[in-house]
Amino acid sequence: MTEAAEMNDVNTLKNLRSNIKKERNDALKDVYASCYEYVKRYIISNNGTVTDAKDIFQDAIIIMYEKVQNEDFKLTCTFKTYLYSISKNIWLNKLRKKGSIIQLEVEYEEVDIDSNALEKLEQNELNKYYEQLLDQVDTESQKVLRLYYFEKKKMKDIAKIMGYANEQVAKNKKLRSLKKLRALLFNSQLKYLAHK
Amino acid sequence: MEDNIKKLIEDYHDGLLGEEDKTKLLEMAESNIEIMKELTIQKHIMNTGEYIGRRELRLELDKIHEELYPNEIRTSKNKTKYWPLYLLLAIASLVAAFFFQQRNVDNSNESLIAIYYTPMELNLGKRNANTQQFKELTLLYNANKYDKLIAEVNSKNVSINELPSPILLALAVSNIETKQYNEALLLLNNLESREDFNIQDEIDWYRSMTYLHMNNISELKSSLKKIIELENHDYRRQAIALFNQI
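Just so you know, the protein sequences line up as chains A and U, in that order. Counted from 1, the first sequence has number 188 at position 188 by our numbering; the numbering is strictly sequential. Counted from 1, the second sequence has number 329 at position 133 by our numbering; the numbering is strictly sequential.
Worth flagging that the hints you see were computed from the coordinates, not collected in a lab.
Residues of chain A clear of chain U, computed beta-carbon distances all greater than 10 Å:
id : residue
1  : N8
2  : I20
3  : F73
4  : K74
5  : T76
6  : L92
7  : D135
8  : D138
9  : K156
10 : M162
11 : A165
12 : N166
13 : Q168
14 : N172
From chain U, some residues computed to sit far from chain A (all C-beta separations above 12 Å):
id : residue
15 : N200
16 : I201
17 : E216
18 : D217
19 : T219
20 : N228
21 : P315
22 : Y342
23 : V349
24 : T374
25 : N378
No more than 30 Å apart at the CA atoms, straight line, and that leaves these computed lysine-lysine pairs for DSBU-like:
id : chain 1 : residue 1 : chain 2 : residue 2
26 : U       : K203      : A       : K156
27 : U       : K203      : A       : K171
28 : A       : K98       : U       : K422
Backbone N, C-alpha and C fix where the C-beta goes; we use that ideal spot for every residue, glycine too.
With the rest of the complex left out, here is chain U (with noise of 0.2 Å):
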């Protein structure tokens, strides 16, 4: 096969050609047998060192993954090898849950809202402390007038979707502290899906406190493992003591 041509199909797979050589060198590949090989062939190479590069960079990023994230890795590749261990363990916390149980019979969900649940601080960044408005419901929140804020809200006919993301925590908390549980949920899934990345830690675990106030055991078990789960979450700590705990 002629250069020119191995070159024409090089600058093709490297997306060199113009629309017009590209109908030409196609148009020739249909009615020629050697140029349509020559075009699989440098396809295939080209997919070739593609390949390489991708496997090779999923190594470099298995290595990354396990220096940054070491438990991970470790409890997923060793579980079978570790396994008499994971059983010593299991029984460990059976047995630790049950003495754990007798010594907390009255250990109602109000206790455990007492040591975990605290609202939280209401500090507005510069932008939104200069607006009026915004200040008016940051007091009435840190003043604990939690009525007063969702009736300030409400009575103003504000769309949620105006508000800063930590005023409308502000509002789910809020929510919270005057026992409209679902309305909190609303709002926490309303902030959720705004992808503020800066609240979602607070917005995971006020979802577990409403779940706490609710007596919900069930939901409040998975948002708290969906916490756990997460290695630098702010409230994993949190999680986990409480998770122990019911």
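Extracted from the complex, chain A is given alone in its bound form (with noise of 0.2 Å):
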């Protein structure tokens, strides 16, 4: 990686990390646009459509987003070769389940994707279920609840970006919109949950 690419890339992994949306936002956009056709380019040439690449680079991108928020996370190589490597192991996945492999022209291991989280990202039941559940929670808990599990915001910072007068009442947002989810989980389908 050359210094100027090092830095550029410094730069966006502490954006992405940002609490400030537009930041945040900035260095989604720069690492949209400068990856996007490349993944493209490769999905296209390996029997896949254009609305394929676009489901799959969104995919990288939202798993590369997951791994950038916890503070140990280091990026070897550049953004673009991390997003390539995640697109290409994900659309490796996909043509393996579909069990059209032979076609492809290159094996490409490099960045290792938990299963789990490929699991995540699919429509099943699961998810549809969270969807279902989610229209009984008001907007307010779902923003606490996205910024403390999936951004993996301290309850100081959650402060800031709510706009709470202090951590304290983060905190308590925060036991409230657990207790509401709590009662949600409890009162619909535990047996069921329990066994997935």
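These two chains come separately, so use the hints to put the complex back together.
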């Protein structure tokens, strides 16, 4: 990686973790604009369509984004290479499932992705269930849950992002959101969930 | 349930527990249905939070995509809505193609080659330009001595893997020039497997040019289609024009 590219990626990494929405969005847009065409080229060259390319690339960004939120995450190559590798792996997985792997030109396993992470991105029964559940949860609670579980934000950051007076208010909001969700889970299909 | 157990379960899902505590907790859960229930509930609370995040992020990415590639989205979303327009355009294209063909019946692939094909220019980067061996190959290429360039590479028994990507591309073009099309395709495939982002567009274009020289229209069409589908491809404009003429 050249020094300039490295600096650029360090900056992108910082902005993807930023509490400021604009910085985060700009970083996402930069990553999108610089990598999408390469992934699209790969997918189209390997029996995919433009729609496949868009879906696969967005799955890769989501996986990358979740990994980046972990403070221990260190980028060992450029974002472009990283996203390209994740996209390839996802596409290989899909083709494997469809049984058309033989037609692929190259095997590529540079970045490992957790099969669990792929499953979470699929339109499965469990995700449909969560979607129904969330219809009964207010927007503010959803935001707090997202910040805590998905963005892995600390309570003081959640307070800042949500505009709460202090960390304690954020903690109380989180507890209230959890209480609401817990009640919904208990009341609905706990037995069903226990087997998932 | 005791608060310390709840905290233990929360830490377990947050990945904060050590191996010993994890094993202890899972053993406790096996013999205590309440702990098992709490483990399940907390797992799904965490999953729900992550699900919200992924769902929202997907929406944000869709917006970014629409902003960066407006034509791509519009094409796929409004296909059904504007079908009469598409039908009309298709008919118009057929009529235009018919007249075009009438006018260009003698449009052989030689004339298309003359219009669309030019050997690339070879300028090596500073690092490669300092190597004497690459300097010689560059000189031969730029002097249109394609046969000699191929012979030079073969005589020195150079492994193609050792050649920098621009030289390898020049070698592929030299093979097109000397009508060794299958060799050219092999070299282009080799280049593609290097995943050098800087010359991907050239690889696509010279692959199409190889098929054009071979008069292999079906492969030419499919290679041009790939270029056309990439909005920012350097050769997209030429690819569209050529596609419309074959």
